[in-house]
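Hey, can you work out the whole structure from these sequences and the hints?
There are 2 protein chains.
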Amino acid sequence: MLEDKNVSKTSLAEIGEFGLINQIKEGFPIKLESSIKGIGDDAAVLDYKKDKIVVSTDMLVEGVNFSWSYMPLRHLGYKAVVTAISDILAMNAIPKQLLVSMAISNRFTIEAVDEIYNGMKYACDKYNIDIVGGDTTSSLSGLVLSMTAIGSAPEKDIAYRNGAKENDLIVLSGDLGASFLGLQVLEREAQVSKVNPNNQPDFENYSYLIERQLKPEARLDIINLLKELKVKPTSMIDISDGLSSEIIHLSKESGVGINIYEEKIPLDSIVIRTAEEFKINPITCALSGGEDYELLFTIDQKDFEKIKGNPHLTVIGHVTGKNEENYLITRGSEQMVPLTAQGWGVETEDEDDQH
Amino acid sequence: MLEDKNVSKTSLAEIGEFGLINQIKEGFPIKLESSIKGIGDDAAVLDYKKDKIVVSTDMLVEGVNFSWSYMPLRHLGYKAVVTAISDILAMNAIPKQLLVSMAISNRFTIEAVDEIYNGMKYACDKYNIDIVGGDTTSSLSGLVLSMTAIGSAPEKDIAYRNGAKENDLIVLSGDLGASFLGLQVLEREAQVSKVNPNNQPDFENYSYLIERQLKPEARLDIINLLKELKVKPTSMIDISDGLSSEIIHLSKESGVGINIYEEKIPLDSIVIRTAEEFKINPITCALSGGEDYELLFTIDQKDFEKIKGNPHLTVIGHVTGKNEENYLITRGSEQMVPLTAQGWGVETEDEDDQH
Numbered sequence: 001m002l003e004d005k006n007v008s009k010t011s012l013a014e015i016g017e018f019g020l021i022n023q024i025k026e027g028f029p030i031k032l033e034s035s036i037k038g039i040g041d042d043a044a045v046l047d048y049k050k051d052k053i054v055v056s057t058d059m060l061v062e063g064v065n066f067s068w069s070y071m072p073l074r075h076l077g078y079k080a081v082v083t084a085i086s087d088i089l090a091m092n093a094i095p096k097q098l099l100v101s102m103a104i105s106n107r108f109t110i111e112a113v114d115e116i117y118n119g120m121k122y123a124c125d126k127y128n129i130d131i132v133g134g135d136t137t138s139s140l141s142g143l144v145l146s147m148t149a150i151g152s153a154p155e156k157d158i159a160y161r162n163g164a165k166e167n168d169l170i171v172l173s174g175d176l177g178a179s180f181l182g183l184q185v186l187e188r189e190a191q192v193s194k195v196n197p198n199n200q201p202d203f204e205n206y207s208y209l210i211e212r213q214l215k216p217e218a219r220l221d222i223i224n225l226l227k228e229l230k231v232k233p234t235s236m237i238d239i240s241d242g243l244s245s246e247i248i249h250l251s252k253e254s255g256v257g258i259n260i261y262e263e264k265i266p267l268d269s270i271v272i273r274t275a276e277e278f279k280i281n282p283i284t285c286a287l288s289g290g291e292d293y294e295l296l297f298t299i300d301q302k303d304f305e306k307i308k309g310n311p312h313l314t315v316i317g318h319v320t321g322k323n324e325e326n327y328l329i330t331r332g333s334e335q336m337v338p339l340t341a342q343g344w345g346v347e348t349e350d351e352d353d354q355h
Numbered sequence: 001m002l003e004d005k006n007v008s009k010t011s012l013a014e015i016g017e018f019g020l021i022n023q024i025k026e027g028f029p030i031k032l033e034s035s036i037k038g039i040g041d042d043a044a045v046l047d048y049k050k051d052k053i054v055v056s057t058d059m060l061v062e063g064v065n066f067s068w069s070y071m072p073l074r075h076l077g078y079k080a081v082v083t084a085i086s087d088i089l090a091m092n093a094i095p096k097q098l099l100v101s102m103a104i105s106n107r108f109t110i111e112a113v114d115e116i117y118n119g120m121k122y123a124c125d126k127y128n129i130d131i132v133g134g135d136t137t138s139s140l141s142g143l144v145l146s147m148t149a150i151g152s153a154p155e156k157d158i159a160y161r162n163g164a165k166e167n168d169l170i171v172l173s174g175d176l177g178a179s180f181l182g183l184q185v186l187e188r189e190a191q192v193s194k195v196n197p198n199n200q201p202d203f204e205n206y207s208y209l210i211e212r213q214l215k216p217e218a219r220l221d222i223i224n225l226l227k228e229l230k231v232k233p234t235s236m237i238d239i240s241d242g243l244s245s246e247i248i249h250l251s252k253e254s255g256v257g258i259n260i261y262e263e264k265i266p267l268d269s270i271v272i273r274t275a276e277e278f279k280i281n282p283i284t285c286a287l288s289g290g291e292d293y294e295l296l297f298t299i300d301q302k303d304f305e306k307i308k309g310n311p312h313l314t315v316i317g318h319v320t321g322k323n324e325e326n327y328l329i330t331r332g333s334e335q336m337v338p339l340t341a342q343g344w345g346v347e348t349e350d351e352d353d354q355h
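Chains A and B, in that order, are what the protein sequence lines are. For what it's worth, the UniProt record's numbering labels the leading residue of the first sequence as 1, then goes sequentially. For what it's worth, the UniProt record's numbering labels the leading residue of the second sequence as 1, then goes sequentially.
Every clue listed holds true.
Copies of one chain are not kept apart here, so a pair can be met inside one copy or by any two copies together.
Below are the BS3-like pairs computed for lysine-lysine, each with C-alpha atoms no more than 25 angstroms apart in a straight line: (1) K31 to K49; (2) K156 to K49; (3) K252 to K31; (4) K322 to K25; (5) K25 to K252; (6) K165 to K25; (7) K50 to K156; (8) K252 to K322; (9) K302 to K252; (10) K302 to K264.
It should be emphasised that the hints constitute simulated quantities derived from the structure, not laboratory data. It should be emphasised that the depicted structure is a prediction, and the values quoted were computed from it without experimental measurement.
Have a look at this one:
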């Protein structure tokens, strides 16, 4: 994922929309049996045999969802694929195809667009995804990416948000808060570079955080692991907006309350150290940070033995009862703090919209 | 499709993203048997049984693909649905579901967003489409819409661009050029209104043209008609960029040459009259105008009897031989003019990108 600084500069006008489409088509030959027809017709044609179709879409806007001040082009492409397929994984389904649309301003060179697609290709190769279509158009201002991910699963495997039931365990893959802190580090260095253009940012101590922000991974391994372990989650969601917000989604859709334990929430040591440096509670980074793309799911208690001791999975709480509230039990069980969409503590006006 | 001028004004910040999603979810209850799960989870879940999946995506950018100076919000929503499903129809497939993503600037009120969704709802009801998902995000400048259309067809029915063969007939639904001229009329009036804000545009004489530009229809009726007539097109495309460009696509993908006859190209009388007013050749409007969303397809000669005399279908030419060029035969067979991506006449540099 190293950047090549010696790239040539070709304007998009020189190559034209059709030239660009041809280039994309050549760069992304289809490889999956389920991709019958890819780029180059009015629509793509797919075949999932008896499996159900799972489909999701995301939009990424320059200046809103990402900034060039810290996001290299190739990483943007990689991350766009990861965030898109994470929604398919969150259904306990396997992502297979992507449609990629871009609105690009003329200040972009073809080499810049190539860099974005190179990042996408890297992710598509890693996760075995076909890009089967898309659209390119001009933009009067910044870059806009729209990603539609399509996947499939046998009907019995699909995990919705609404299946959590009393006494189920709350399970989380990986650890939380690193992506949010990575963004804080990158934004701090971008500010310093504005004041002092000769600033050489030293990211060495923060490499895990920055990698989690710029090049997050989608947890396809966890979906495969659950299949191996013969565990069907009763409900599932991915962590895009922060643990607290996702707990509330599962709770609301399933009509149950959820308790999670502060001391169980997995945090990397660099997360704890850097949160202190930024004078933030590391639990706040986990609850409200977001962009971790870990999977949060509920399992029946009888499946506990199957996942116990797995280094990728942590039980962080349990489902209480029907229509209960959601709480964070603080360290040493001292307090029960209501979870809110913003994280934890006092409920706010805005948060009520979700109930 | 009349605009209600007495609308209240609520900022998007007041309702929030979740409020907006809930509102959309309530406004678009799923109705199709193939829509298993719609808005409200990480992804939608669909079931097409034995049929193949057909999927396509389009991006619409304010100031590039549409302008508020002539495009009312509700019409934008309607047209966005029509353009999206037209790509599915162009595969001889039936559109079923849509994913709708929007990047919206804060200057939009919730009532404005509602107007766009009202137009979408109107089209979705007409064409029997479920909106099953999407994404909303902020935009720093204009509105960006991304539409992903999904549909299905039995494998044997799907018509690709690459199936046209020697001696096939070229068939077109409806008539061409009206949408392009509608845009010219709307832009002329927008210019006049800039200079004289009291200008009362009189669109009465141009109503067909303006309707074709602001509220085009997708030719689901033609797909159903072809099924009734038991005609399977050998290749198919929709007219989004102009007849000439679409002929070149079919020709290139099928590896054949195509001749079309100027005198066969269907033009409404108001197209001929208005083209004269704008001092444009009406054939240029048909060849290069675009946004007609008619269907262009090829059929085997043996199917001619089945479509002969149908008021919705016109035979405008035929496939010549393998690797031949594409020509417009002018009125009275006087000249054979090469077709180019820009329309007709001398080939340009840019057009070569497609070959």
